[in-house]
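So the sequence lines, in the order shown, correspond to chains A and B.
Offset between the first sequence (1-based) and the numbering used here: plus 85.
Offset between the second sequence (1-based) and the numbering used here: plus 85.
It should be emphasised that the hints constitute simulated quantities derived from the structure, not laboratory data.
One or more of the hints may lead you astray.
Covered by chain B, per the in silico footprint, the following chain A stretches (three or more residues, Cβ under 8 Å) [claimed, not checked]:
| no. | region |
| --- | --- |
| 1 | 166–173 |
| 2 | 184–195 |
| 3 | 309–315 |
| 4 | 361–375 |
Facing chain B, a subset of chain A residues (Cβ under 8 Å, in silico) [unchecked claim]:
| no. | residue |
| --- | --- |
| 5 | R178 |
| 6 | I180 |
| 7 | G181 |
| 8 | G206 |
| 9 | I209 |
Just the calculated beta-carbon pair ranges, DEER-fashion [to be verified]:
| no. | chain 1 | residue 1 | chain 2 | residue 2 | range |
| --- | --- | --- | --- | --- | --- |
| 10 | B | W172 | A | P109 | 29 to 39 Å |
| 11 | A | R191 | B | T157 | 24 to 34 Å |
| 12 | B | D256 | A | G293 | 26 to 36 Å |
| 13 | B | T171 | A | G168 | 23 to 33 Å |
| 14 | A | Q170 | B | T171 | 26 to 36 Å |
Note that beta-carbon positions come from the ideal geometry of N, C-alpha and C, so glycine has one too.
Number of protein chains: 2
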Amino acid sequence: MRVALLSGGTGGARLASGLAALIPPEDLSIIANTGDDEEFWGLLVSPDVDAILYRLAGIFNDTTGFGVRDDTFHAQAMLGSLGEQTWFQLGDRDIGVHLLRASLLRGGMRLTEAVAHLTRGFGIEVGVIPMSDDPVRTRIGTDAGELSMQDWFVGQRCVPAVHKMRFAGIDTARPSPEAVAAVRGADAVIIGPSNPLLSVDPILAVLGDELDRERVTVVSPVVGGQSLKGPTVDMLRDMGEEATAFGVARHYAGIAATIVIDRVDANSLEAIHSLGMRTIVDDIVMDGVDGEKRLAASLLHVLESTDGS
Amino acid sequence: MRVALLSGGTGGARLASGLAALIPPEDLSIIANTGDDEEFWGLLVSPDVDAILYRLAGIFNDTTGFGVRDDTFHAQAMLGSLGEQTWFQLGDRDIGVHLLRASLLRGGMRLTEAVAHLTRGFGIEVGVIPMSDDPVRTRIGTDAGELSMQDWFVGQRCVPAVHKMRFAGIDTARPSPEAVAAVRGADAVIIGPSNPLLSVDPILAVLGDELDRERVTVVSPVVGGQSLKGPTVDMLRDMGEEATAFGVARHYAGIAATIVIDRVDANSLEAIHSLGMRTIVDDIVMDGVDGEKRLAASLLHVLESTDGS
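Construct all of the structure, not just a fragment, from the sequences and the given hints.
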């Protein structure tokens, strides 16, 4: 079974890791959100792409939730001593990756090609595909004004309440050809347990028209009314959505035929079914590498058993 | 007395440090060779400018002869693991500096303005001025083909014999306005003890027309037939010049009225005088920071005593 995973940062990347351990690489594609990308000193930092690359390369920093494990911050300290703002933490090893990507892009590569080059460099066999080669930048409308995603998320620590979001550049952004091919060729498209508004909606905004709802399964990032990671629940509430598994289902009802919810949310089954969605009930919380594999295996088992039905 | 120092790498930078300890900052300008500049991953590495900045900031790595003291090489290790060539050693703190400069240049600053920004960032009060805002690149013709300066110097460790040198871009390069103002306003122009062919000739190629020979004093980089540092002697020989204090004098006879030679070369005095040059005999070898200051003080003493004469 060929699988395309639409992935934001942490949650999606962990499911990617679980799936990569089980599916032959040629049958798995990870399509990453690039709405969180931002340039620092000419380096294109692409947090969701890199969370996937570093996770699959086995070097993701789980302690901090970003960047490379055991990284140092000497380049950034120098920049700080020269008067630069350094609220966005760029480690030295991380900067090595960004230097190569920026250099490949300036040399004329499309973003997808540059990421493919990095993927090969890391010895990753699975395809990691940015959603678009065109810049899309998530802008967060808050009480403190409109901020870039990284400024709000890292610089302001998600404190200012969100009342509006827009994806700058979305009107002219096309999905990358590789991303289109991956979702068209997939027997199953899985939307990872990432922030729907922040991490998945940008992907859907460029790639949604290519999806066949019947083949799309979303894994809820909300379990028992709590975010698996990050500001998902607060953001859903701020934006007037219901911060529950049902709320997630309603958010995706038009795009996904199936939702995977946690056992603790089993009381939402009936309400979700009334949205015209099928449900898979599972343990969603991934505990370590074993947890990633367990959820991926469980998901593949169900999807394979219903494949073509 | 206002002084402009024309400086290559190590020797010039050390004399710059000695002069900076003695002259009010507004009366001292250091004009740096940029012929050795080279881009790596979009970073403009400017070894001679940086040798001066790091030396004046007190962070130059004397052990390796380049870069920042106690630097780490994690970004570069990452680049290497991704398949990139890493024969040119870029430390993490060094990369911080390069990131800022590259970013300022892409933002539209002239190189001179970007270097002035770095100079202020380091708290350096002396003006450090690139010889030109236009790219000049020293190309080394060798038995192994034509190489960039860094490829020959670092990549090939100066092994291939040099039979030709050219400064690509020199025909269209203009001296930076700040460099012109500095040499025009100087009571004394000092050419530091740097490699004449590699480090000083590029400066003279863009700025030579602005110099008043009577006010120019060169410090010999050759002492007793040996280079103070680096491949000066071998290179002079390879290029058919005499690798002695007299050879250096002859090289500069048209541009400088005075040469500072070491006591061990005092037997060359008569021959040098026959070139129409004055001589200052001193201990040229700078031993540590005290040695830098001692040579600078001695030099200033002589220049001040002959000022206007």
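Outcome of the hint check:
| no. | hint | verdict |
| --- | --- | --- |
| 1 | 166–173 | holds (count 4) |
| 2 | 184–195 | holds (count 5) |
| 3 | 309–315 | violated (count 0) |
| 4 | 361–375 | violated (count 0) |
| 5 | R178 | holds, 4 Å |
| 6 | I180 | holds, 5 Å |
| 7 | G181 | holds, 3 Å |
| 8 | G206 | holds, 4 Å |
| 9 | I209 | violated, 11 Å |
| 10 | W172/B - P109/A: 29 to 39 Å | holds, 38 Å |
| 11 | R191/A - T157/B: 24 to 34 Å | holds, 26 Å |
| 12 | D256/B - G293/A: 26 to 36 Å | violated, 55 Å |
| 13 | T171/B - G168/A: 23 to 33 Å | holds, 29 Å |
| 14 | Q170/A - T171/B: 26 to 36 Å | holds, 29 Å |
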